[in-house]
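In order, the protein sequences belong to chains A and B.
Here the first sequence is numbered in the numbering used here, starting from 866 and rising by one per residue.
Here the second sequence is numbered in the numbering used here, starting from 7 and rising by one per residue.
In case anyone wonders, no lab produced these hints; they're calculated from the structure.
One-sided excerpt, in silico: chain B residues whose CB lies under 10 Å from chain A:
no., residue
1, F59
2, E90
3, N91
4, C94
5, G193
6, L196
7, L216
Even glycine gets a Cβ: it sits at the ideal position worked out from N, Cα and C.
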Amino acid sequence: MAGKTLYDKVWDAHVVHAEEGDTVLLYIDRHLVHEVTSPQAFEGLQLAGRKPWRTNSMLAVADHNVPTTSRDQGIEDPVSRLQIETLDSNCEHFEITEFKMSDLRQGIVHVIGPEQGATLPGMTVVCGDSHTSTHGAFGALAFGIGTSEVEHVMATQTLLQKKSKSMLISVDGEVGPGVTAKDIVLAIIGEIGTAGGTGYTIEFGGDAIRALSMEGRMTVCNMSIEAGARAGMIGVDDTTINYVKGRPFSPSEERWDAAVAAWRELHSDADAVFDKVVHLDAASIEPQVSWGTSPEMVTSVGSQVPDPASVDDAAKSAGMSRALEYMDLEPHTPISDIKLDRVFIGSCTNSRIEDLRAAAAVIKERKVADSVMQALVVPGSGLVKQQAEKEGLDKIFIDAGFEWREPGCSMCLAMNADKLGEGERCASTSNRNFEGRQGKGGRTHLVSPAMAAAAAIAGHFVDVRNF
Amino acid sequence: MKAFTKLDGLAVPLMRANVDTDAIIPKQFLKSIKRSGFGINLFDEWRYLDPGFPGQDPSERKPDPDFILNEERFAGAQVLIAGENFGCGSSREHAVWALDDYGIRCVIAPSYADIFFNNSFKSGLLPIALDADIVNKLAEECQNTPGYRLAIDLAAQTITSPSGEVISFDVDPFRKDCLLEGLDDIGLTLQKRNSIKDYEAKRKQSAPWLFG
Ligand code: SF4
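Please model the complete structure; the sequences and the hints are all you need to start from.
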């Protein structure tokens, strides 16, 4: 019999009951909650006279709507304010741990889970948010769910699930200097396409993945959903265990050793069989820049905007033309000729301390180009912000002309006041370049933090390796 | 959960690939704490020429005459014929609620994003996946035939086109039952509360750190 994949192991450990067909009732260990996708679930729960099954599995935070400017004034937008107040009162009512806006630990849900040790290896982690895939970096099975399922998990601690197929994406060899986790994952999506992972749980492996820090691994798993996969996972190793150790929600002394012993098993067996295997050569990956309105529309910084006319598939070619029209780009334009109006460093993809360090290293003693009207840095959490300030990164950003903000989702999805104007072009470290994602008519180019920082200084895209 | 049994509805083709949930319902409308009222802002950025924001007076909006849903002949459409990877992007169930609130009860597309697909069943919206060739053919017929209606029978798993052609489709048996009966799946799961408790008791022994 073939060995088990990491996915098999975590899945099997959580099956409560096998239902009709291949549906199972799957136990959920950690339920992260935010303000946007939870109010209707809480309401449903209350209307049915139900209570959460296990409140200590839940951790709540407001992140999508929060202002990133000074918090003293509260929230100006009454609709956002009501949504956050609703989360506060629901958490109070049901006695759920919540990091309120004034709490130093507040931040983007996918940043604070790992930071607090609330995300542990081998867990099932869900949240009403597609980027829950981030937590798979810990060898957890983590995926986004809709509001009805949020309510289902609240009420029953379980979900009705069908197992997906398994895919191994192996990034073999070593990446060159200046090539980051973000470039790796953008290159992967460029290769397999935005629906390439639909119906699969992806495991990322290979030397280049093993060499990444936990921050880098989170960046990669974060964007699994952009490749269509609900979940992305990485096997546990010393990097994982060292990161988890000593965090507030991590197991304490006596339980630690038993936990570590169990976690050491959380990798695919050597003879495990995947439904699909994809190999990428790490050395061939260059810093990436997206040029279109889907994360698969991505290329190397040294190349040009592609030409729809050179693509045979008529539907694909039409999609590219539509994207170029929206992005106001001409085929064959060198990527380095694309000029930026704004730069955004933040989001659950790239707002952790390492991301801020990488960006600060590029801009040190330099100034944001005059043509760039705004360059924003939004740390992923209050603790990331505090750490960055301890290291003096805030000064580097401010001296260069960046704005140093309070934590939240911010311009990743522009639900708060941080957004692009019609037609504005942004270098962004976030994960989605959909039409209107960062503001109606706004144009998003996805890049790594170092590439975003370099673009802010140059005013256009540049290859950070020669910058 | 809302039931879905049969539908005989006007169809509208929206043949773009990778229609994402940001396009289906833009984020500014996700600030609502309700489940209803999203239909007016379905496809807001494509449907209107002016920027949309919550609480606007709908009579003052400027519909984009070029957007297909705004064409007179598609008013009241209940079946959306769509391109591949429909509903990709965020997990927002608001996308399903917006389609439903607008009046769309069934989507026919070659493929869907997993979370959207899952969410649809929870609100009684039937997502049918068919071969791209068949979807394209339906879209073309729909485009060229005024008043093009499709009859969908979930129990029989068939779609009948105006010419009388019958197309069968696949659906997961468990989901089909839930949809036909409009079952409350939380209630169903809670019938297994003892299994859940047994699982927890065992797991507390083998992995106590998960219950800290
Ligand atoms: S940072 Fe962006 S992608 Fe991440 S949770 Fe917030 S809105 Fe979603």
